[in-house]
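Those sequence lines, one after another, are chains Y and P.
Mapping the first sequence onto my numbering, position 367 (from 1) lands on 367, and the numbers just tick up by one.
Mapping the second sequence onto my numbering, position 994 (from 1) lands on 994, and the numbers just tick up by one.
Worth flagging that the hints you see were computed from the coordinates, not collected in a lab.
Nothing here was measured: the structure is a model prediction, and the numbers come from that model.
Any given hint might turn out to be false.
In silico lysine-lysine, BS3-like type, Cα no more than 30 Å apart, as pairs [as the list claims (entries may be wrong)]:
no.	chain 1	residue 1	chain 2	residue 2
1	Y	LYS227	P	LYS818
2	P	LYS818	Y	LYS223
3	Y	LYS223	P	LYS678
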Amino acid sequence: MAVGALQVQADSTLLADIRRYGTFDSAACYQCGSCTLSCELVSDSASFPRRSIRMALLGLRGPLLASLEPWVCHDCGDCSTVCPRQAEPRISMATLRRFLTAQYDWSGIASRLLRSKAWYLGSLIFVGVLTFLLILGYHLWKVPMPVSTLATTDLGLEHMFPIIIYYTLIVILVPVALLLSRVYRIWRLTMCRNGDTGIPFSAYAAQAWTYIYESVTQSLMRKCPQKGRWLGHWLLAFGTVVMLAIKTFGLRWFQTDNIYPFYNPQRWVGYLAAAFILYGIGDILAGRWRALKEIYKETKFNDLVFPVLIVLVVLSGLTAHVLRYAGFGLGCHYAYALHVIFATPLLLIEMSFGKWSHMVYRPLALYFLAVKERAAQQAPAPEAVPHAI
Amino acid sequence: MPSDTSKVPPVGAALVVGGGIGGMQAALDLAGAGIKVYLVDCKPAIGGVMAQLDKTFPTNDCAMCTMAPRLVEIGRHKDIQILTLSEVESIAGVPGNFSVTIRKQPRFVNESKCTGCAACAAECPIQLPSEFDCGLAAREAIYRPFPQAVPNVFSISRRGTPPCEAACPVHQDGQGYVALIAQERFQEALQVILRDNPLPSVCGRVCTHPCMTACTRGGVDDPLNLPALKRFITDYFPDYKLPQPKVPDRLERIAIIGSGPAGLVCAYRLRQQGYQTTVFEAASTAGGMLALGIPSFRLPRKLLAAEVDRMRAIGIDIKLNSPIGPRGIPFEDLRKNFAAVFIAIGAPVERRLNIPGEDLPGISGGVEFLRKVNLGKPEAPGQHVLVIGGGNSALDAARTALRSGAGEVTIVYRRTRAEMPADPREVEDAEREGIKLMFLVAPKSFKAGADGRVAALECLKMKLGPPDSSGRPAPVPVPDSEFVLPCDAVIATIGQSPDVAALGERLGLETTKWGTLAADPLTLETGLPGVFAGGDCVTGPDVVINAKLAGKKAAISINRWLNKQDLRDGRELEGPYQTEYVVDTTGVLMQRQVRMQALDPATRGRTFAEVHVGYTSQEAVAEARRCLACGICSDCHMCETACQAHAIEYWQREQKLELNVGAVILAPGYELFDPRVKKDLGYGRFPNVITSLEFERILSASGPFAGHVLRPGDHSQPKRIAFLQCIGSRDAEHDYCSSVCCMYATKEAIMAKEHLGEALQCDIFFMDLRAFSKGFEQYYHRAEDLGVRYIRSRVPAIEEVPGTKNLIVRYLGENDRKLSAEYDLVVLSVGMQPPKDVDKIAERFGVALNSFHFCETSSFQPAASSREGIFVAGPFGEPKDIPETVMQASAAASQVLCSLSDARGTLITPKVYPPEKDISGQEPRVGVFVCHCGTNIGGVVDVPAVVEYAKTLPNVVYAEENLYTCSNDTQDMIRGQITEHELNRVVVASCTPRTHEPLFRNTLREAGLNPYLFEMANIRDQCSWVHMHEPEKATAKSKDLVRMAVAKARMLQPLYRRSVAINKSGLVIGGGISGMTAALALADQGFDAYVVEKENDLGGHLKNVQYTLNGGNPQDELKRVKARVRNNRRIHVFNDAAIESIDGNIGDFRTKISANGASAEVSHGTVIVATGAKEYSPNEYLYGQDSRVMTQRELEQHLASGKALLASNGKGAPKTVVMIQCVGSREDGHPYCSRVCCSEAIKNALKIKALSPETYVYVLYRDIRTYGFKESYYTDARKRGVVFVRYDASSKPEVSQNGRGLNVCVVDQTLNMPLKISADLVVLSAGIHPNEGNREIAQFLKVPLNSEGFFLEAHMKLRPVDFMTDGVFLCGLAHSPKTVEESILQAQAAASRASTILAQDRIEMEANISEVVDENCDGCAYCVDTCPFKAITLLEYMWQGAVKKVVDANETVCKGCGCCEATCPKKGIFVRGFTLDQIEAQIHAALGVQ
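Could you put the whole structure together from the sequences, leaning on the hints where they help?
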């Protein structure tokens, strides 16, 4: 390639920016490529970690923001094992994902949360306390707690269905809307260089199934060497989606005063989803806790808080459920309030700005990569500009 | 450094540790300059790793060919003592006077007796992987590492006595005969067996085989069936004979009482020593218990009889029916008539049960029963026979009873099967034959039947209790458990005791309370002088092999007693013992013992035929091959028999030596990285993944496949070879570069292509191609031109294709595309590591190691360790190539010479040659020696045919072929042939005279012949190499060359060398750090030095070096060195000086110097060229047009004065510095790498980061060439945020000005992406270019320059500071680009080389120079202009009244090139040794005309 055309300005400040989001120790890298060779997920059209790390080291901000490869990485850690310089490419890739997550958010909130422990914890607590105050206010001013009825098995949940449904819709749909706005932003950054995508709509349409397939199966993760990880993660994701779906669209059916028999789907679907979530979270937490395996050598603060928060949501929900079936009405109410207090920050913070957003970004990146590949096949350019520029 | 004169004078000797190329160079330099050298190596031969290499880069010279003359030189050097198999144990004392303790391992071969003939190895049955061939070929246990080894003597790999041999009471050498059986050498196996055991067929059958119990293989699967193998040999040679005594008969007669095994062994051993032995046997048959107590189905009678007959055949008198004592021959008669008596009467008396009814008829003892059967006819003792006991005798009795016709035989034993003392196999055999066993039953009383005979045995049931004194659980009676076993006969076999009542007491011999004879357990002496006793009569009943031990001991004692020697001395190891060493059995494949065939149990129980039929030959060989060779050497002594020189010395033990030396040079070399550590590479699992050293051996003509490039896996020819770089280098564990791998891989690829043709695919996977030394870059491009592919990708893992055993290499191609390629062979370029026991070495010598675990040295004392008086050479200090090793070795030698200068010459011995024979008037008698050169010549040329042809040539009186004519033993042999055949001319047909002529000339001189009566035919280079594929033509040409050589040789006349007095001073051209260092090194040794410097101040380039990579301060050092130079009265400095002319020759140069306008002339013996080089002044990248573009040197000056240059421009924005590498290097016109620029750029980048961490630094490079430990600074720079961007030579960076600063555009090769960097400073790494003045100096000195204009040394590998012109040496940048440290080393090395001349008083000149024939010369002067050395001048003088013109040749300047001779029309000038007559004779011989 000639020196002249399409030069990218080296931005010396990029590396310092990235390092605000976590460890990026790959300065020891001498570009031997062992990491890329060791990775099962690397393809001709999506090559990492060497390329991604190289872009960061050279200060190529534009190409790095335009790259989707960090999302293809599923954090298995083989690259770190094989690295002859012990430059920890896995950790650098994780840092790049946090960096990108922050860059995708136009509000700047994600950046704050991902960089600062205080902001992150503070925001979670703030939303939790706010939720608590809302619940308190609701009971103080709107629906006084009739203590007599609460002592009976008749739990009297009916009173709050109208408001809880709207509440649930808000705390779920707000993050979804935010994420959708980022999808557009990512599309602009990665697919739409210089305002012109050059990619026909047909390519998007043809590859649409990729997004759904990857969202539902997370199948790429199965290529990772640790086979157990995919199952744990998939169960967690599946359970979470089922729970979200039930809560969003079937709250009235799911959360009633009726005591259903055990075989009723209302009960076992819930149990199953909870079990899946707990298994998946347990798998992740156990791994991080042991902190022995290569992959979990460096655990970020929010890598821990996020699963812990999920566990709290599930456990508080289950407690409410058990108390309800045991006939402890008042206890159930308190547990339910706690459940809502935990769930609201999970959705508003983690899903909107935090780690959870990867459930949208990852399949999206895979989808966009597939689209690009298809477009390249449809119109093979005589001199293909290297991808992701 | 000169030592403090107040101390005691230093010792004029030095210790060099390590016999590799570095140690060898140091030893030669030291010894050449008058220091006695002890060269210590832990291996059996010196030579180090270089001996294993095939060719050397960049000249493709054969490594062995270049080093062999040097090996021989060291081997023959009178002042170098080689201590092989030795290690330094401790060192004490002070610099100048160390005392060193050396531990020398036994060689088991006498170094002074061994001739290296290799006859021993041909006989050795043990095959081991050859260390020299990296395990790709086998060697014998007695071996020399390679044919040219120095010292050229064999050594034995011997771990110790094998366990089987140690466990055997008589030390029968089990591993020895097993090893020979494994090779189907049965006759020799028999000899080994008979050496220790005169009754092998007995032992093979009835011995309790402690050897087999001790067998190491028992811990893996099954022990080796040693008795069966021994038996096989005796079965295979049924008519073998015992060896006749090899000593003359002696007069002493020895009486032996008892013909059992003890008596017979004693008789045999004494007979072998010449004694007359007579054996007295009371019974009618010989053999003692062997004959009477062991049934014939286990030991056939005829075999025993044959053994006894063999004894008789060697002169042992065996008298049967001859009891000793009152009823026979009186014991006193024996004592009177015989010199000594050995009593071995055994223990034939039965023990009693001591229970009621024991004397009833039908009850007999086992011995009594067996004796009856063995002496007479088998007769059934009864129908229902009970046998009491659990030993072998009980089984023998039971099985004999069965065979004698008993209906049912039951063995009654009071313990369980597990406690039975009998051999489990025998028990099994007996059961198969139908014998019943009752356990936990003890006899209580016998009951008589109606006929008065025994009819039943009343028994008690038993249970096992706590262990008794024998260690086995004691049987405890169960109360009230009596029961009755009906029977009609009982055989009680509960033990025997000696018949001492018959003999002992009445003869006045002491007895013991156990009823045995009393005798000393070690010597077997009894109370009576000259009477010895042993065997069962002393020990009580015991096994056969212990009886044999008694016989052996008795024979030793009697011999000593008769010779009045000490009876006890040194006998500790008689009898069984355990070996101390542990044999590693990991990786031994399971292979069960070969089962011996036996007769059908259903029928054999009724006959006395031998139960086991023995091994067949195939079975025996298969079984023998299971041996693990625990002792390595099998102790078979085959080599001892084969060695005509009687050099084998099994008795050798470790020795300790004390040496007194003044200084030590450590050159222990390095260890190759073991790629097994990196499991993903598959080394050790995949047969076709090999290390680079293994590939060197494969390439080598002397290697495992005789130079055919084959895969180790299946010996097929590879078509695709991959080389993987940086294996064990440049990773987190080894943060250094091994410096040599890129080049050796390149060389191996070139050589592989040379072997297998252009079509061979050679791919080298690398990261940075480090071709940084002289000529390397060009070599790398040559490889590319030859089609070697260089692929820039590190390969972390290799996969194997299951069927073909090919290998898949995955790598990253352009744009990070994952590619994979299949190869037939993968070569891992393994890196250098410190020696395995580096910590031990460091501790013993008290030297510090650096963080990489190599020996610590410093920048300005690069050959010195942290301990005064101990110096370092070679890769022990840092991974390095051969020339750097050689330089450092010479530098270390120079340091030693400085510190020991007072003691120089005190401990050396003058070389003495025999007086030269006068051959004038003799008819030529030519000897021709034709060399095979291993397979180098012999593989192509039919050497025997050439020899036969040579014999037919006129005046040839002797011709022979040699495997290696240059080896030490062949030299000795040539000397012998010269004397024997009165040769007066010698022709060697071998390799090139360039390397080997001096060696052979010296051989002639040592044989008393003038060294110039020698001629060489180069049939290797000119025949076997160039006509490799035409053997017939090569042979014919060889004959032609030999004919020509002989034709010339016939006309050779003795020539005599002129000797020149040495002027003990040296001229040093150049006053930089190299020149000053060289001058100081000369002056410190007591020689004057004249330093010529063109500038007005000393210091050269070092003046511009402000700091070094590792933190040293060059300016302080420069000040120190300058002060030392100024203050040294032996150093004379000429500033602002130029050389006007240099005349003269080695030992006597005269140089005109103009300095400060004045002119001076100095005389000196040597010259050291240290003229330095210059920095390239760039004309690219806006250099000179923009002040913000500067060279690294300019940057360094700025940085030295602080961070002003880096100060930000006020807005707080940090500055950006871009460095561009390879400016004026690796380009057209300057195709070489300037070696230091990468490190210099990193040095300055690190300095910038240290001064101003926020400054951005980009380094644009082509390959980062931070070799050795400099790699760690590259790592450090990256960690500190210096960004390295690789550019390709085809798209160089572009520098342009913009408004405020500079723009640098470059295409990053990893991303294949064009970058634009806004730079505040652009720094150019300008290359090092040769000085223009070099050309003039080269002409003055008649030395060559290379194509780039640097001085060209004599040999790139082994003579890096010498010139082909004697007495002239080279160092510093004038040689090639290098670091300050390397310049210092090379300067010291040059001084060391110079001192090998200056230390001598006179030096001999070459004799092959031109000579003027005055009567023919008419002064035409054609030759004067032709002479390239300006050696010829025209003289005019008056002679007989007329002007006579003749030329005169200056003998010290003439190089004997022959241009004058070729020009002269009048035969007026000729070169000695190349006269026209001689050349004409050669031409006639070539043309086949007379």
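The hints, checked one at a time:
1. Y:LYS227 x P:LYS818: holds (23 Å)
2. P:LYS818 x Y:LYS223: With a Cα-Cα distance of about 16 Å, the restraint between LYS818 (chain P) and LYS223 (chain Y) holds, given a limit of 30 Å.
3. Y:LYS223 x P:LYS678: Judged against 30 Å, a Cα distance of about 24 Å means the pair holds.
No hint from the list above goes unmet by this structure.
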